[in-house]
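Read in the working numbering, the sequence shown has 260 at position 260, and its numbers run on one by one without any break.
Any given hint could turn out to be false.
[What the hints assert, rightly or not] Below, a list of computed lysine-lysine pairs in the BS3-like style, where the Cα atoms sit at most 30 Å apart:
#1 K114 to K152
#2 K187 to K209
#3 K85 to K157
#4 K65 to K181
#5 K152 to K85
#6 K209 to K246
#7 K65 to K133
#8 K232 to K156
Just so you know, these hints were derived from the structure itself, not from any lab.
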Amino acid sequence: MFFKKMLLITITVCLTMIPVSVHGRAVSDESRFNPRDENKGISIDGMMASVGCRREYLNVNGWAKLEEDYRSVSDLELIAERASKFFGIGDDRDHISSEGGGIIQVNIRGVNEKNQVVSIICHSVETSEGKNKRWESYIVIDVVDRIYKADKSDAKKQMEAFFNILEADADIRTTLVGSFKGRLSHKAMEDVCDELLNRIHANRVEGIKDEEYISISGYSPLLDENIISGGKPVNVQVAMRYNSYKDKTYLWIGVPVISIEY
């Protein structure tokens, strides 16, 4: 469990490095929404546009346990550089390596020629003590695409291809982030979330609601992939929260769940 907690921590650190800027205008036009985009699956961009939400960026996040257990910074550097080249990160990058406390970690972050922000974290965690020390190694890749729509962006396909090269069983999640100008009432946020789930015939599985935010997960027969949460299948999550600093109400749509902090 320790290494899983550390994995979540590193994902959070990776994501909080990504700057978020917003600019949006609420409009309503149901005719623009088509549940399926050219039979390629659900269009989450279409879902977002249908409720008048301004698209901000697409986030694709994937992680996997590596087959080998790497015990040195140099070993992890090789894997991180391999990923960096695959995703086309340029020479202008952030590159940080650290070692201590039973954790070895290499972080690379930069922008590729498609203007995608790519963050790569490779780390090994010591999972036992004493003479029988054992290590487990992981890689986390995060791609932010502010230009291309979810169905046009190659971020997910690229990530799948890279993990296939590693022969790693990866957990890949897609999150689309958008915003409304100003503060939406709690009732309005509930209505937006309900409408989004209704449009894809999703059954509500679980949710959290308070004065600050709303988060609802569900299962839609129109979406192929899913995870199990509380013994039930989940393949879509929607959440909303107001940001007073930006004076925007944010909307997150995650498939199968939201992969970033909200």
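Results of checking the hints against the structure:
1. In summary, the hint linking K114 to K152 is supported, as the alpha carbons are separated by about 12 Å, within the 30 Å threshold.
2. Taking the CA atoms of K187 and K209, the gap is near 11 Å; set against the 30 Å cutoff, the hint holds.
3. Restraint check for K85 and K157: the C-alpha separation of about 16 Å stays at or below 30 Å, so the hint holds.
4. Of the supplied pair hints, the one linking K65 and K181 is violated, its CA atoms being roughly 40 Å apart against a limit of 30 Å.
5. In summary, the hint linking K152 to K85 is supported, as the alpha carbons are separated by about 22 Å, within the 30 Å threshold.
6. Pair hint K209 plus K246 holds up; C-alpha atoms about 22 Å apart against a cutoff of 30 Å.
7. Annotation: proposed proximity of K65 to K133 holds, straight-line Cα distance about 18 Å (limit 30 Å).
8. A hinted pair counts as satisfied when its Cα atoms are at most 30 Å apart, and K232 with K156 qualifies at roughly 25 Å.
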